[in-house]
Amino acid sequence: MRILGIDPGLQLCGYAVIETGAEVELIEAGVFRTDSNKTMGKRLLQIATDMQSLLERFAPKVVAVEDLYSHYAHPKTAILMGHARGVILATACRFGIEVKSFAATKIKKSITGNGRATKQQMQRTIQTLLGLAELPEPADVADAISAAMCCGNAEKFITDN
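Residue numbers (the numbering used here): 69 to 229.
Calculated from the structure, these hints are not laboratory results.
Heads up, some of the hints might be wrong.
[To be verified] Restricting the straight-line Cα-Cα distance to at most 25 Å, the calculated cross-link-like pairs of lysine-lysine (BS3-like) are:
no.	residue 1	residue 2
1	K110	K144
2	K174	K144
3	K177	K129
4	K187	K177
5	K174	K129
6	K106	K144
7	K187	K144
8	K168	K129
9	K168	K187
10	K174	K187
All values reported here derive from a predicted model rather than from experimental measurement.
Starting from the given sequences, assemble the full structure and let the hints guide the process.
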């Protein structure tokens, strides 16, 4: 099964395409960025355009994204990320692709066994699991890979039972 993992953000969105089966294969991973000098509407349109491009190129069966989390000290950050996440979800739905959301703690526990793993622990674990020569950077890439792999693990669990 092909899964597109997304780490949503307004300035930087991590993405990763994996293929699951007997083993997990990383097809492609990277980031897309928006220009902070542009208006909010134009930045959101850029995210939608980049998402559309990924969906057309890779035709995933499912898109996996991290649930929105808001820390009481940074509500504005959560609101801005919510805008980007909403565009990502709407674009996937426009293409008829199923979207699955996962809590950050569930993603971390699925990959490292620790729901409170640090970003660096996540990067190292992804590097080890996929046999990558270098750490996936920036951390947004590792987060997107982790979301996709968590989704793959959940799907495998469902089909194995």
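Do the hints match the structure? See the list:
For the hint linking K110 to K144, the alpha-carbon distance of about 19 Å falls within 25 Å, and the restraint holds. For the hint pairing K174 with K144, the CA-to-CA distance comes to about 24 Å; that is within 25 Å, so the pair holds. Restraint check for K177 and K129: satisfied, since their Cα atoms lie roughly 23 Å apart, inside the 25 Å limit. For the hint pairing K187 with K177, the CA-to-CA distance comes to about 13 Å; that is within 25 Å, so the pair holds.
Pair hint K174 plus K129 holds up; C-alpha atoms about 21 Å apart against a cutoff of 25 Å. Proximity of K106 to K144 is assessed by CA-CA distance (about 18 Å); at most 25 Å being required, the pair is judged to hold. Taking the CA atoms of K187 and K144, the gap is near 22 Å; set against the 25 Å cutoff, the hint holds. Under the criterion of a C-alpha separation no larger than 25 Å, the hint pairing K168 with K129 is consistent with the structure, at around 11 Å.
In summary, the hint linking K168 to K187 is supported, as the alpha carbons are separated by about 22 Å, within the 25 Å threshold. For the proposed pair K174 and K187, the alpha carbon gap of about 14 Å is at most 25 Å, so the pair holds.
In this structure, every one of the numbered hints holds.
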